[in-house]
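Full structure from sequences and hints, please.
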Amino acid sequence: MPSNYATGPNEAEITHNDGSDIDMEGDDSFLYSSGNEGCEEDDYLDYDEEDDAQYSNTRHSITAASSQTAGGTQLYSEDYYEEDDEYDYPVLNEVGKPKLQEILDSTSFSFTELVTKRQDSKIQEISTLFSLPIDIIEIFLRKYKWKHEKLIEDYMDNPEGTFKKTGVPYLNPTGPPPSSSSSITTTTTTISGEFDPHLPTPSISLKVLAPSSNSSSSSSTSVALNTRRKSKQAANSDEGLVCQICMDECTDENPAIVSSQSCSHLFCRDCWTGYLMNKFIEENESWNISCPGFRCDIPICTPYNMSLISNGGKNTDLDKLYLRARVWNYIKQNKHIAFCVHEGCGCVVECNDYNSTLQFPIPIVTCRENHVFCIRCEVANTHLPCPCYLAQAWRDKCTNDSETVNYIAANTKECPSCKETIEKNGGCNHMTCRKCKHEWCWICKGPWSEHGQNYYNCTRFNESESQAARDATSESRRELERYLHYNNHFVNHELSIKKTAKLHITIKHQIQEMQRADDSVSFHDCQFLTEAVDVLRDCRETLMWSFVLAYYMDRSVTGKSDNQAEIFEQNQVNLNFHVEELANMIENTKPQKIHSLKMEIMTKIGYVRTRRETLLKDTLESLQKDVWSFRNSDNIQFGDGKNTLQNIQKPDTSAVARKSMANASP
Amino acid sequence: MSIPKRIIKEIQRLINDPVPGIQATPHDDNLRYFEVTIDGPQQSPYQNGRFKLELYLTDEYPMAPPKVRFLTKIYHPNIDKLGRICLDILKDKWSPALQIRTVLLSIQALLSAPNPDDPLANDVAEHWKSNEPDAIKTAKEWTTKFAGAPVS
Ligand SMILES: [Zn+2]
Ligand SMILES: [Zn+2]
Ligand SMILES: [Zn+2]
Ligand SMILES: [Zn+2]
Ligand SMILES: [Zn+2]
Ligand SMILES: [Zn+2]
Ligand SMILES: [Zn+2]
Chain A
1 MPSNYATGPN EAEITHNDGS DIDMEGDDSF LYSSGNEGCE EDDYLDYDEE DDAQYSNTRH
61 SITAASSQTA GGTQLYSEDY YEEDDEYDYP VLNEVGKPKL QEILDSTSFS FTELVTKRQD
121 SKIQEISTLF SLPIDIIEIF LRKYKWKHEK LIEDYMDNPE GTFKKTGVPY LNPTGPPPSS
181 SSSITTTTTT ISGEFDPHLP TPSISLKVLA PSSNSSSSSS TSVALNTRRK SKQAANSDEG
241 LVCQICMDEC TDENPAIVSS QSCSHLFCRD CWTGYLMNKF IEENESWNIS CPGFRCDIPI
301 CTPYNMSLIS NGGKNTDLDK LYLRARVWNY IKQNKHIAFC VHEGCGCVVE CNDYNSTLQF
361 PIPIVTCREN HVFCIRCEVA NTHLPCPCYL AQAWRDKCTN DSETVNYIAA NTKECPSCKE
421 TIEKNGGCNH MTCRKCKHEW CWICKGPWSE HGQNYYNCTR FNESESQAAR DATSESRREL
481 ERYLHYNNHF VNHELSIKKT AKLHITIKHQ IQEMQRADDS VSFHDCQFLT EAVDVLRDCR
541 ETLMWSFVLA YYMDRSVTGK SDNQAEIFEQ NQVNLNFHVE ELANMIENTK PQKIHSLKME
601 IMTKIGYVRT RRETLLKDTL ESLQKDVWSF RNSDNIQFGD GKNTLQNIQK PDTSAVARKS
661 MANASP
Chain B
1 MSIPKRIIKE IQRLINDPVP GIQATPHDDN LRYFEVTIDG PQQSPYQNGR FKLELYLTDE
61 YPMAPPKVRF LTKIYHPNID KLGRICLDIL KDKWSPALQI RTVLLSIQAL LSAPNPDDPL
121 ANDVAEHWKS NEPDAIKTAK EWTTKFAGAP VS
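If you read the sequences in order, they're chains A and B. According to full-length UniProt numbering, the stretch in the first sequence is residues 1 to 666, in order. According to full-length UniProt numbering, the stretch in the second sequence is residues 1 to 152, in order.
Please keep in mind that the hints were generated in silico from the structure rather than gathered at the bench. Quick caveat: nothing in here was measured; it's all calculated off a predicted structure. Don't be surprised by glycine CBs; every beta carbon is placed ideally from N, CA and C. Heads up, a few of these hints could be off.
[As the list claims (entries may be wrong)] Listed next, the in silico BS3-like pairs over lysine-lysine satisfying Cα-Cα at most 25 angstroms (straight line):
1. B:K93 to A:K165
2. A:K332 to B:K91
3. B:K93 to A:K164
[Said to hold, decoys possible] Covered stretches of chain B (in silico footprint by chain A; criterion: 3 or more residues with CB under 8 angstroms from a CB of chain A, positions within the stretch not fixed):
4. 60 to 72
5. 87 to 99
Set out below in structure tokens:
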């Protein structure tokens with residue numbers, strides 16, 4: 001195993017001799033390891049939502065941004081609707097609007113600054129708390145995905161464990177290091193009361209080495225390194241320090257930088273720069289960058305090291321990329337800050353009350369450009385009043401199943417006798433079950449024997465025998481039909497929303513017509529039409545997701561909550577009805593007449609809006625009170641699983657053609 | 001595109017100080033493209049086989065790993081039908097301090113020690129786990145059939 005190689009390379013072999021002989025030789029067996037870490041992420045700090053919820057009662061909100069908060073953001077609190085008559089998406093403050101290019105172009109860009117300030121102040125705060133250098137805190141926080149509460153909790157519990165988890169060589173802030181790290185005892189500093197958090201930390205800080213030609217001047221290098229170099233030089237005195245990446249000798253202009261006293265991997269400044277640039281650009285990260293040495297996990301991306309590699313800020317590109325990656329990292333790791341999900345927008349939105357919202361099912365945010373999205377799902381638009389996990393289950397279901405499900409629905413029926421799923425091929429209604437050989441009619445599901453020679457027209461649909469056969473549909477089939485029922489509603493509203501753009505044009509046209517007919521009609525007078533279209537859009541979206549909620553609602557176990565479920569359904573039916581009425585009014589009224597309907601339409605707009613608010617309010621209350629139970633979204637299957645989804649693939653057309661040919665002559 | 005000094009040095013060393021059982025020859029007209037032959041390690045099902053591979057150094061090399069692929073068909077749980085190799089150092093465990101020779105040595109080592117728990121070819125891995133002697137038999141047959149090992 002390479003473990004020994006990763007942390008402590010054979011010291012005699014490190015760096016320089018003939019330039020090509022880099023320490024890859026020796027026992028070849030260390031090279032190979034194809035453990036799971038090779039193909040899968042091995043991220044012990046990858047907390048998921050559940051973990052997150054555990055400490056969600058503590059706030060993540062950051063003071064620097066609160067000044068920008070537009071007042072109260074206590075979302076969906078009981079009194080939210082009372083305070084504010086006009087329903088609006090919960091107002092959330094925006095932090096700024098960084099486009100990637102802007103971050104690169106302007107280091108003074110307010111957002112970058114803001115985030116950087118927050119990061120720095122948090123690092124400072126914890127540095128003081130732990131009495132540890134800021135470089136170490138920076139690594140800690142990045143590895144902890146900026147969850148400082150969790151870091152503090154873990155550190156207080158087990159400081160050594162925190163070092164171990166984050167890959168930072170142990171540094172004891174109060175006493176001598178424990179015996180286990182005896183190999184680096186000489187390099188481990190014990191920090192006393194008057195420590196400066198900005199000083200380099202020996203265990204993770206880089207060091208510039210002067211080329212060996214003037215080795216006498218490199219007084220700052222560690223004792224261990226000097227000895228090693230001298231012993232090598234004795235054998236190979238004309239050789240300088242050789243970079244393990246470019247295999248070139250280091251020079252005054254391009255000096256060797258040794259990674260740390262814990263691993264002593266050595267590279268030239270150019271290669272360090274190239275390595276980091278590649279990480280920042282290709283992987284867009286700053287948090288998980290370790291020493292370039294083979295299987296070396298020493299984290300190296302710290303403020304001190306960055307300034308050392310960029311030669312005190314002389315390499316501005318590197319500094320900017322570092323800054324960008326650092327900011328990106330922060331945004332990506334903080335669940336309450338997100339880039340707007342609308343393509344090309346680039347806004348950053350912060351949900352100040354994310355944690356209080358987290359206990360609430362749906363954290364909807366609006367960016368500066370008025371794009372609305374759920375900050376938890378990171379999906380465009382809202383899915384009110386459907387909780388995130390159900391919305392996600394629905395989205396998955398629709399992408400995974402829709403084709404198969406619709407195919408099954410359109411092309412298969414269950415055998416009335418044995419419930420086997422039977423596929424219809426070709427035009428003939430005469431079905432013969434492949435399993436039980438029962439012969440039946442596709443149209444009426446009655447027995448075929450009653451149909452005589454009437455192949456293409458079934459006139460027996462209402463015969464009691466046929467009806468009974470249809471009623472006996474299996475549970476799985478009913479499940480499928482149930483899904484299709486709700487899905488139809490969902491898709492219909494979705495389609496209507498997509499047509500909204502077209503409706504806006506129609507409205508514009510109508511307004512022009514109205515103005516032609518009556519000079520006194522001003523544009524302002526027609527504002528109600530645009531408003532109607534917007535209200536329709538919002539209502540349809542709410543309806544879409546209310547059908548999803550209804551689909552997952554388990555009415556069989558609700559018991560006392562039945563009342564709430566009925567109210568929900570009433571609200572839904574009611575809103576649906578009035579939405580269609582309003583849509584009808586503005587879509588199907590002649591332009592000349594529409595102005596005379598203004599009052600009526602405006603009343604309707606107000607009414608529909610209230611209906612939507614009521615539906616949302618009632619539903620959200622029920623959700624908060626947790627009165628409903630939802631069917632386990634994972635367990636909902638169509639058909640009896642084996643018979644349908646797996647077995648029935650969409651047939652390739654040639655196969656269908658062949659089959660229908662065979663069936664064509666009864 | 002000029003060839004970095006490092007690649008030249010690596011080539012020189014591969015030629016002057018070859019690794020036993022491994023040949024790597026750069027193309028005349030493209031020094032980033034290598035024709036590679038690895039001899040199947042002794043005591044492995046690939047013994048006496050000669051496996052051809054291709055290795056390509058992208059412009060990002062050595063910041064990014066080389067691209068390596070088996071050209072000879074091989075029955076191995078970590079190598080798929082297209083000859084792609086599941087090896088951590090060719091992915092996220094790549095280090096710019098690694099070299100062509102170390103990569104090839106690792107691949108040779110992978111032939112000696114297949115790892116069916118981290119498979120790229122699922123059916124082969126399944127075979128390996130459910131009936132190792134039989135899987136090894138197949139691997140030997142393939143080695144004879146495709147990699148020119150004498151019939152054993
Ligand atoms: Zn270098
Ligand atoms: Zn290292
Ligand atoms: Zn936006
Ligand atoms: Zn959501
Ligand atoms: Zn049947
Ligand atoms: Zn027929
Ligand atoms: Zn019929």
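Verification of the hints:
no.: 1; hint: B:K93 to A:K165; in the structure: 18 angstroms, holds
no.: 2; hint: A:K332 to B:K91; in the structure: 23 angstroms, holds
no.: 3; hint: B:K93 to A:K164; in the structure: 19 angstroms, holds
no.: 4; hint: 60 to 72; in the structure: holds (count 4)
no.: 5; hint: 87 to 99; in the structure: holds (count 11)
Checked against the numbered hints above, the structure breaks none of them.
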